[in-house]
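J.: The chain contents come next:
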Amino acid sequence: QQNVQQSPESLIVPEGARTSLNCTFSDSASQYFWWYRQHSGKAPKALMSIFSNGEKEEGRFTIHLNKASLHFSLHIRDSQPSDSALYLCAVILSSSSFSKLVFGQGTSLSVVP
Amino acid sequence: SVLLYQKPNRDICQSGTSLKIQCVADSQVVSMFWYQQFQEQSLMLMATANEGSEATYESGFTKDKFPISRPNLTFSTLTVNNARPGDSSIYFCSSRRANTEVFFGKGTRLTVV
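Chains as they are written, first to last, in my numbering: chain B, 1 to 113; chain S, 1 to 113.
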């Protein structure tokens, strides 16, 4: 049974700061790793994903994956008030459309001007 | 991508009654997943529904309480039986294609009074 743990639970950062969110998972066979973002009152939406060890950057967002340590993370450079949202890490076992997504508990991020 | 339409958007029901939530995909999808989300918390996977077979329920969710139907490849319904105030939450249907992210409907906000 996949167990996904996320930290911290909540975070308040000043505008312009670098923000780091962490996620650990229990099933070493996991293949796909996602970060979702959910603004208040909206549906979750995929932000970034990574499938192999290493780092991937898209704009102000960077995702790191270390499968050996069962850990991946999201880093936000130059955080903006519009980044304020619930961030959810998620793990999926395979690329198959049958494979289910298991979420962490979420990190509530507030970026204050 | 997959577009998922849920209805109703929100509902208020009396304790002890039942509520049905519908989810329609804009194209055929193999699996549909139902999630429950309490206020500002994580998404809990309730069940996976494949066409023509009984839904597979996650720990803590039962067929008697949350029966799910999947009569064809574009449609699914989730019923909340004998609704209680503790069932008040947002229910999301979701789906994905192979090698893609999971897409979500806009959610149904249920309040049980």
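Think of the hints as simulated: they come from the structure by calculation, not from any bench. Just so it is clear, the structure is predicted and the values come from calculations on it, not from any experiment. Honestly, I wouldn't trust all of these hints.
[What the hints assert, rightly or not] Rough simulated footprint, nothing fancy, chain B against chain S, three-plus residues with beta-carbon under 8 Å:
hint	segment
1	19-26
2	79-86
[Unchecked claim] Label pairs and their calculated CB-CB ranges:
hint	chain 1	residue 1	chain 2	residue 2	range
3	B	ALA29	S	PHE75	38 to 44 Å
4	B	ALA68	S	ARG10	27 to 33 Å
5	S	GLU51	B	PHE51	34 to 40 Å
6	S	LYS63	B	GLN2	46 to 52 Å
7	S	SER1	B	GLU15	30 to 36 Å
8	S	GLN14	B	GLU15	29 to 35 Å
9	S	SER69	B	HIS71	37 to 43 Å
10	S	ASN81	B	PRO113	45 to 51 Å
Don't be surprised by glycine CBs; every beta carbon is placed ideally from N, CA and C.
J.: The structure should be examined with respect to each hint, and the outcome stated for every one.
T.: Cross-check of the supplied hints:
1. 19-26: Coverage by chain B is violated here, the residue count being 0 at a Cβ distance below 8 Å.
2. 79-86: violated (count 0)
3. B:ALA29 <-> S:PHE75: 38 to 44 Å: 32 Å, violated
4. B:ALA68 <-> S:ARG10: 27 to 33 Å: About 45 Å separates the Cβ atoms of B:ALA68 and S:ARG10, which means 27 to 33 Å is violated.
5. S:GLU51 <-> B:PHE51: 34 to 40 Å: This hint is violated: roughly 28 Å between Cβ atoms.
6. S:LYS63 <-> B:GLN2: 46 to 52 Å: 22 Å, violated
7. S:SER1 <-> B:GLU15: 30 to 36 Å: 32 Å, holds
8. S:GLN14 <-> B:GLU15: 29 to 35 Å: 46 Å, violated
9. S:SER69 <-> B:HIS71: 37 to 43 Å: Taking Cβ atoms as reference, S:SER69 and B:HIS71 lie about 39 Å apart, which means the hint holds.
10. S:ASN81 <-> B:PRO113: 45 to 51 Å: 47 Å, holds
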